[in-house]
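Participant: These are the residues of each chain, in order.
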Amino acid sequence: MIRTRLTEMLGIKYPIMCGGMMRLAYPPLCAAISNAGGLGNLTSAMYNDKESLRAAIREVRGLTNKPFVVNVTLLPSIALAPEQYMAYFDACSEERVPAMEIGGVPLDRFEGGKYFKKLKDAGVRLFHKVGSVKHGKHAEEAGYDGVIAAGVEEGGHPLNENVATSVLTPRMVEELSVPVITAGGMANGRSLAAALCLGAEGILMATRFINTHECKTHQKVHDELIRRNENETVLYGNAIGLQGRALMNDSIRKVMEIESTGGGLNEILPLISGQYGDDIWQEGKMDTGLVPVGQSIGLIHDTVSCQELLDRMVKEAEEVLSHNAGRFS
Amino acid sequence: MSFFKTRITELFGIDYPIIQGGMAAGLVSTSELAAAVGNAGGIGFMCAIQWLDDVKQLEAEIKKVKDLTDKPFGINVTLFPMIAASWFEDVFELIQKYKVPAIETSARSPEPWLKQIKGLGIPWIHKVARIRDGTKAAKLGADALTIIGSEEGGHPGAERNATSVVGPLLVDRVDVPVAIGGGFCDGRGLVAVLAMGGEAVYMGTRFCASEECIIHPKVKQRLVEMEYNETDYLLMSLGDPVRAVRNRRTQKILEIEQKEGAEGVTKFMAETSEGIGLGGLTAMNTGDVEDGILPLGMVSGRIREIKPVKQIINDIVAEADDVLQRLSARKYWKA
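These protein sequence lines map, in sequence, to chains A and B.
To convert, note that position 58 of the first sequence is 58 in the working numbering; the numbers rise steadily by one, no gaps.
To convert, note that position 50 of the second sequence is 379 in the working numbering; the numbers rise steadily by one, no gaps.
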């Protein structure tokens with residue numbers, strides 16, 4: 001058993017958290033990860049209102065009695081109305097969810113910090129996902145319980161400072177006293193061991209969890225992530241002010257072309273807006289729309305159950321670390 | 330404290346799995362540095378390309394390093410295709426003549442020079458930024474490989490893959506031992522590399538902030554003062570990008586690159602470069618920190634002190650031991 005401040009704070013077996021994933025992090029996957037000893041993720045943006053998120057939280061609780069985390073990404077450019085975010089925070093505080101992963105705007109700066117306080121008062125452990133030490137320090141000062149240090153190798157929306165995990169995690173650990181969780185490039189037991197060596201007290205993975213039996217996607221998605229290599233993701237979106245990393249495919253190729261010829265948001269948005277989500281994940285059309293995965297796809301070679309994934313990761317990490325420690329004399 | 334062996338320490342006959350990589354941007358990886366790294370238990374490589382204009386100076390440098398240490402050291406041969414074949418032949422001859430203990434190749438496939446490299450009969454490590462270059466070099470018979478992530482300074486490769494991913498991946502793909510670099514400067518880095526399956530940590534920038542490195546004091550000062558997010562990634566449009574400290578010059582290059590593309594930036598570089606560091610002094614030596622190119626890595630932001638090489642290496646080893654002992658105690662996983 002691995003104990004870190006993260007596992008102790010949340011009462012989980014393994015210091016492995018799932019990151020928020022649109023159209024993927026539904027209750028069954030969330031519960032499967034938590035039942036396997038990690039911290040499953042329920043991604044709020046998939047729900048339209050307070051009651052549907054509340055129902056999803058209760059669905060998770062029906063499937064597991066273990067802790068889990070709810071993701072809310074406060075990105076103004078996603079253009080959700082503030083009321084929708086408020087509804088999510090109300091649902092989470094009323095349901096007293098164990099933990100939340102906040103991305104984008106820090107929660108203390110949303111609505112005057114009202115919801116930050118409300119969630120803290122409800123006993124919700126708050127984690128902020130950041131790509132820079134400056135943002136990490138802000139989160140610690142605001143009273144977050146932990147910081148997720150997201151390296152540029154992650155999928156989704158890495159900060160455009162483009163700092164990689166090897167530097168960001170230890171730099172964050174030097175500056176913060178709250179637990180630091182490494183995100184970006186994490187996929188196996190050696191990733192976990194390396195992150196712990198760099199001073200992290202846990203890791204966050206998203207892409208790796210797509211290739212589990214409990215992640216309900218088309219078989220072609222799993223096959224494609226196994227087939228594609230570490231060098232087949234790209235950074236896009238700098239022209240529109242929101243950097244993202246996604247799998248290279250026909251849509252992203254078009255986005256890159258538009259960006260290189262000075263095209264704007266109106267031309268790019270239809271290609272990346274998520275309207276193709278079901279085509280990708282449910283129908284396996286991997287050349288359509290945005291597939292936001294990280295460089296860690298290079299390290300994904302199979303599809304297994306969440307239990308097998310987490311058990312073997314932790315076993316490998318323990319073996320690697322004790323083996324290496326034993327080599328000192 | 331004695332330290333454990335890896336296949337890389339055995340290959341080179343060194344005490345610690347710590348490699349100072351060849352660096353060439355003016356004079357950076359010279360005899361003083363290589364000897365100091367060797368004397369401290371690691372292995373340092375001198376970039377032959379630093380003496381592109383006059384191979385006799387390379388000869389003098391080899392003699393000098395042999396005066397300064399009886400420990401292993403190496404020569405880096407940067408396989409740029411625009412360099413005359415005769416220069417490479419001269420370099421290989423010197424390596425043979427002076428029984429240089431090790432060779433590092435980099436920048437291009439070693440295939441055209443395979444016969445000469447293997448003919449040296451000395452430990453050979455080849456440095457790559459892409460997995461496919463690594464598997465190819467292993468097939469060609471390299472004794473070991475170095476893989477670096479895009480966070481490193483200098484030429485981190487065009488694929489922009491991070492160390493966290495390419496490190497463990499290359500380890501899986503080849504049978505030969507792998508050194509891992511890009512982002513590391515301390516004992517945490519060493520044990521993270523070992524955790525990934527690497528058998529040595531590969532560092533450049535950390536050794537630039539040493540007393541023995543001959544770069545200009547102003548550059549060392551900038552290095553220890555800067556943050557991790559103060560590098561730029563340039564010349565992507567030319568296919569062989571450079572990571573360097575953000576300053577007036579890198580910002581200007583990026584501006585031109587964005588506006589005028591590959592053609593414009595090529596013209597600008599030709600008009601304003603003093604030779605991109607091949608065979609001449611650059612800002613690394615003149616200390617022109619605003620108007621020259623300082624090819625240092627992101628890890629500069631974690632380096633706060635200019636230290637003697639011996640202390641750098643001793644501190645790394647002590648911290649590595651400490652971190653692993655704390656993690657493997659199993660009671661509480663916080664290093």
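I should point out that these hints are in silico values taken from the structure, not numbers from a laboratory.
Please read all numbers here as calculations on a predicted model, not as lab measurements.
A portion of the hints provided could be inaccurate.
To be verified - Pairs of lysine to aspartate or glutamate, EDC-like flavour, derived with a Cα cap of 20 Å:
(1) A/137 - B/559
(2) A/315 - B/556
(3) A/137 - B/501
(4) B/588 - A/259
(5) A/134 - B/501
(6) B/581 - A/161
Participant: Of the hints given before, which are not true for this structure?
Facilitator: Failing hints, ascending: 2, 3, 5.
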